[in-house]
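**Student:** The chain contents come next:
Protein chains: 2
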Amino acid sequence: MTKTKNILLGHGSGGKLSHDLISELFVKYFQNEILSQQTDSALLSLSLKDIAFTTDAYVVDPLFFPGGNIGKLSVCGTINDLSVSGAVPKYISASFIIEEGFSIEELESIVKAMAEEAVKSGVLIVTGDTKVVNKGKCDKIFITTSGIGEIDEKYKSISSGTRIKTGDQIIINGSIGDHGIAILAARESLNFETPVLSDCASLNGIIRNILESGVNVKFMRDATRGGLATVLCEVSEKTNTGIELIETSIHVKEAVKGVCELFGFDPLYLANEGKFVIIVAAEDAEKTISILKNDFLGKESTIIGEIVTNHKGIVAMKTEIGGSRIVDMPAGEMLPRIC
Amino acid sequence: MTKTKNILLGHGSGGKLSHDLISELFVKYFQNEILSQQTDSALLSLSLKDIAFTTDAYVVDPLFFPGGNIGKLSVCGTINDLSVSGAVPKYISASFIIEEGFSIEELESIVKAMAEEAVKSGVLIVTGDTKVVNKGKCDKIFITTSGIGEIDEKYKSISSGTRIKTGDQIIINGSIGDHGIAILAARESLNFETPVLSDCASLNGIIRNILESGVNVKFMRDATRGGLATVLCEVSEKTNTGIELIETSIHVKEAVKGVCELFGFDPLYLANEGKFVIIVAAEDAEKTISILKNDFLGKESTIIGEIVTNHKGIVAMKTEIGGSRIVDMPAGEMLPRIC
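Keeping their order, the protein sequence lines are chains A and X. Residue numbers for the first sequence follow this note's numbering, so the first one is 1117 and each next one is one higher. Residue numbers for the second sequence follow this note's numbering, so the first one is 1117 and each next one is one higher.
Keep in mind the hints are simulated off the structure, nothing from the lab. Take these hints with a grain of salt, some might be off.
It does not matter which identical chain is meant; a pair holds if it fits inside one copy or across any two.
The list that follows gives simulated cross-link-like pairs (lysine to aspartate or glutamate, EDC-like), each with its CA atoms no further than 16 Å apart [stated by the list, open to error]:
no., residue 1, residue 2
1, K1415, D1177
2, K1428, E1215
3, K1165, D1268
4, K1144, E1269
5, K1132, E1350
6, K1272, E1149
7, K1428, E1402
8, K1434, D1411
9, K1354, D1136
10, K1144, E1224
11, K1228, E1353
12, K1403, D1268
13, K1132, D1444
14, K1132, E1353
15, K1281, E1149
16, K1121, E1149
17, K1165, E1266
18, K1434, D1268
19, K1281, E1370
20, K1369, E1221
21, K1373, E1436
22, K1428, E1353
23, K1256, E1215
24, K1409, D1166
25, K1434, E1399
26, K1121, E1140
None of these values were measured; they are calculated from a predicted model.
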């Protein structure tokens, strides 16, 4: 595309080089009518007045990891935040902060992955920004995506947690910790017999299937940074309900277990990028599991616990060896820059 | 607030320290019902289905400069992008990438400035994200804001430039280059008799006054990165019209002129953060000027040129000494990281 193989400060100037980068990379791959207007703001015509709005910065290290890269992650993450709120993701913005000297070829791979994920999930990347900072002033590339989704009136109370009642069943759509361990393995060059892939995926399709099935969904949240434990601690504290988990129902891949033992990590706190917790009415639990299992992203779904009247505001877990332990909010940071 | 005076990696973990930071800083200053829900996505009820959506990353160096700081800038910038599209800015998201060790006191000043600007401009900061990266992996703090504004059907063609016709008058709401020079002066510790302040300001009020006055607005754009020249080159190229500027009508402060001579800068290319170009029908030009001058942010508004039939796609300027020169798109980067 441009005559240089690397990003120059001028690519962030707003001038000619910026324009070339926008036309020859972003507009080329994200192709849609709205973005190609190249106005300061994208003009959108919504079909509902109730919307969900979210933002996330992505600083993952390394940029490329088994199962994805920072571009795919930045699109999936925003889609998932909107989806667990009960919204249908529609429009995404993408803001890039790039270190001078960054390879345009790598940037192209990242942008391509974003475009592919957007097409697959039915969202449009409609507006963006690029800033370039001097060498050594940022770590290669950071991406911030924001998203807008349309939300039906009847789903608006899902993200608040106010629907949750004693007896509700807690479900997750597969094994935990894959993303965290995939990142760690890429960083530390760990070798596995079977490599652990990040679970990075857009959950809007599988979530839509559940909502449209008429299942009585009480709450949903994607278990990203801070892992399953953090989501459940937040729900329990916010809604002042007790949560009882069953350790043996929570899938952890053998390779993930192995690395956790080696590094002293607890998989409950490891990041996922394609897993969500869904709390449903007890009578709908089996139906939910069967709908989830019908989807590639939910094949290993299990009921992992329930809402209880005991120990309000506390998450407890029945352990494999028959005891019970409290699951706390993580205090520090186990693995920085996993997303 | 927290027991530490500096940002730790744990503040970006999604766990307990993240929660403390959110409650004790962001929710405290940005206070509004929507943000305090602390859900993954903000749920918004719009009054129109037509919206404008924009995003910008802010990497300005230094973080604090005469007339503003990165926080104020990040809110004004997004408000202005929405306003020049003809939209009424409503909701903003704020994503922070912070270097480990960054002072919480400085973060608080930045967040306070964002909150003040939001209140002043009638927008709500409704959702956000915080990531912390290891020391040396980013330069103190980067902020990405995205914004949603509601746009009336009748203003939807303003940002496209399709309304522009020969004879339309080009207006700017004051002197150019102040922001660029304020940043440069802060960086180089230049001393002025009268310091140059950044013009960083939210333009939603002054723009609304113009739109509601019934003036026939053909186009608007804020003249930020790349300066006045870049905006006009873009318009001219996109709409395939000629632009004729009159150098003597373009205000440049004496101090700004002085620094430009010293460093070999052209004020036409210097960034502004409170200036916008407005193109109006010839018969409405004087009315526009008088409305603009009624506002503190438009006191020095002038007609700086017009749309001509000659030299299509080219911006020419009648110079002070009587000649004419072509104004080109900037090729490289004069002053990196001014926003």
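**Student:** If a hint holds in the structure, say so; if it does not, say that too.
**Tutor:** Evaluated hints:
1. Neither within a single protomer nor between protomers do K1415 and D1177 lie at most 16 Å apart by alpha-carbon distance, with minima of 29 Å and 49 Å respectively.
2. Neither within a single protomer nor between protomers do K1428 and E1215 lie at most 16 Å apart by alpha-carbon distance, with minima of 48 Å and 37 Å respectively.
3. In this assembly of identical chains, the alpha carbons of K1165 and D1268 lie at most 16 Å apart whether taken from the same copy (9 Å) or from different copies (14 Å).
4. For the homomeric pair K1144 and E1269, neither the shortest alpha-carbon distance inside one copy (36 Å) nor that between copies (29 Å) is at most 16 Å.
5. Proximity of K1132 to E1350 under the C-alpha cut-off of 16 Å is restricted to the inter-copy arrangement: shortest distance 10 Å between copies versus 48 Å within a copy.
6. Proximity of K1272 and E1149 under a CA criterion of 16 Å is satisfied inter-copy only: 15 Å between copies versus 30 Å inside one chain copy.
7. In the homo-oligomer, the alpha carbons of K1428 and E1402 never lie at most 16 Å apart, since the shortest distance is 26 Å inside one protomer and 68 Å across protomers.
8. In this homomeric assembly, K1434 and D1411 never come within 16 Å of each other (Cα to Cα): the closest approach is 29 Å inside a single copy and 66 Å across copies.
9. Taking CA atoms no more than 16 Å apart as the test, K1354 paired with D1136 passes between copies only; the shortest distance there is 14 Å, against 48 Å inside one copy.
10. For a Cα distance limit of 16 Å, the shortest separation of K1144 from E1224 inside one copy, 10 Å, qualifies, whereas the shortest one across copies, 40 Å, does not.
11. Proximity of K1228 to E1353 under the C-alpha cut-off of 16 Å is found in neither arrangement, the shortest distances being 40 Å within a copy and 28 Å between copies.
12. Taking the shortest Cα distances, K1403 and D1268 never come within 16 Å of each other, neither inside one copy (22 Å) nor across copies (45 Å).
13. In this assembly of identical chains, the alpha carbons of K1132 and D1444 lie at most 16 Å apart only when taken from different copies (9 Å versus 52 Å within one copy).
14. Taking the closest pair of Cα atoms, K1132 and E1353 come within 16 Å of each other only across two copies (12 Å); inside a single copy the shortest separation is 52 Å, beyond that limit.
15. Neither within a single protomer nor between protomers do K1281 and E1149 lie at most 16 Å apart by alpha-carbon distance, with minima of 45 Å and 24 Å respectively.
16. Taking CA atoms no more than 16 Å apart as the test, K1121 paired with E1149 passes in neither setting, with 28 Å inside one copy and 48 Å between copies.
17. In this assembly of identical chains, K1165 and E1266 lie within 16 Å of each other by CA distance both inside one copy and across copies; the values are 8 Å within and 11 Å between.
18. With identical chains, the CA atoms of K1434 and D1268 are never at most 16 Å apart, being 37 Å at best within one copy and 57 Å at best between copies.
19. Neither within a single protomer nor between protomers do K1281 and E1370 lie at most 16 Å apart by alpha-carbon distance, with minima of 34 Å and 69 Å respectively.
20. Taking identical chains as interchangeable, the C-alpha atoms of K1369 and E1221 are never at most 16 Å apart, the minima being 34 Å within one chain and 43 Å between chains.
21. For the homomeric pair K1373 and E1436, the shortest alpha-carbon distance inside one copy (14 Å) is at most 16 Å, but the shortest distance between copies (74 Å) is not.
22. For the homomeric pair K1428 and E1353, the shortest alpha-carbon distance inside one copy (8 Å) is at most 16 Å, but the shortest distance between copies (64 Å) is not.
23. When the C-alpha separation of K1256 and E1215 is checked against a cutoff of 16 Å, the pair qualifies both within a copy, at 5 Å, and between copies, at 14 Å.
24. In the homo-oligomer, the alpha carbons of K1409 and D1166 never lie at most 16 Å apart, since the shortest distance is 30 Å inside one protomer and 38 Å across protomers.
25. In this assembly of identical chains, K1434 and E1399 lie within 16 Å of each other by CA distance neither inside one copy nor across copies; the values are 22 Å within and 78 Å between.
26. Proximity of K1121 to E1140 under the C-alpha cut-off of 16 Å is restricted to the intra-copy arrangement: shortest distance 13 Å within a copy versus 45 Å between copies.
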